[in-house]
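Visitor: The task is simple: from the sequences and hints, build the whole structure.
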Amino acid sequence: NAGVMQNPRHLVRRRGQEARLRCSPMKGHSHVYWYRQLPEEGLKFMVYLQKENIIDESGMPKERFSAEFPKEGPSILRIQQVVRGDSAAYFCASSPRTTFSLQETQYFGPGTRLLVL
Amino acid sequence: SQELEQSPQSLIVQEGKNLTINCTSSKTLYGLYWYKQKYGEGLIFLMMLQKGGEEKSHEKITAKLDEKKQQSSLHITASQPSHAGIYLCGAVRYQGGSEKLVFGKGMKLTVNP
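Note that the protein sequences, when read in sequence, are chains A and B. Start counting the first sequence at 1; every next residue gets the next number (the working numbering). Start counting the second sequence at 1001; every next residue gets the next number (the working numbering).
Note that these hints are calculated values from the structure, not bench results. The C-beta atom is built at its ideal place from N, Cα and C for all residues, glycine as well. It is possible that part of the hints are untrue.
Said to hold, decoys possible - Which chain B residues face chain A? A few, computed with CB under 8 Å, are given here:
hint : residue
1    : MET1048
2    : GLN1095
3    : SER1098
4    : LEU1101
Guide: Set out below in structure tokens:
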């Protein structure tokens, strides 16, 4: 059973370009979370999605950032018109259900390291 | 201010030594996760604690959630170079109508052979 997969692992963009980060959850997992890890900071929640639905995007910047999790295919985190401050590691996690009281664990992918020149 | 404070921020130990990492929350913990991260890689799930006083062990790593449920400790016995990495604690938070994890900044562990 493959784990959470993310691609690309490394992405270099120039200011103003678009970055598209992909996340394939573990088999059987329908809940996807995106986190961002800035240098010298901890992981920060960005968005939580289920298939075809955004459940909570309270951690997403209001502009330039969007996320989707279509019925078929991976979840996509899209950053338009990237700026240097977007340089970070972006992690995706998946779980089969959302209810932590059932001790469902979030399993993380290897991350995509975005560098904006 | 940080919701989860981890201490120490970094630690260098000699192989074979025991060590303890702490994670202190400003709010009651309803679920506390410990992950390990190696540079350039993702987070590896170690353990999850829910109940006050709960203690779990995996190989040489033991984690405990205190009775008042606002602090957790991770103890490594007879550390090895393979234990090196960044240890992150994550707490379950109910915000914005959903559950999510908030993390501490991590504790960087170096184990010298």
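Visitor: Classify the hint on MET1048(B) as holds or violated, based on whether any CB of chain A lies nearer than 8 Å to its CB.
Guide: holds (6 Å)
Visitor: Does the closest beta carbon of chain A sit nearer than 8 Å to the beta carbon of LEU1101(B)?
Guide: OK, holds: LEU1101(B) within 8 Å of chain A, min 6 Å.
Visitor: With a cut-off of 8 Å, does the beta carbon of SER1098(B) approach a beta carbon of chain A closely enough for the hint to hold?
Guide: Result: holds, 4 Å to nearest chain A Cβ.
Visitor: Holds or violated: is there a CB of chain A closer than 8 Å to the CB of GLN1095(B)?
Guide: holds (7 Å)
The structure fails none of the hints (numbered hints given earlier).
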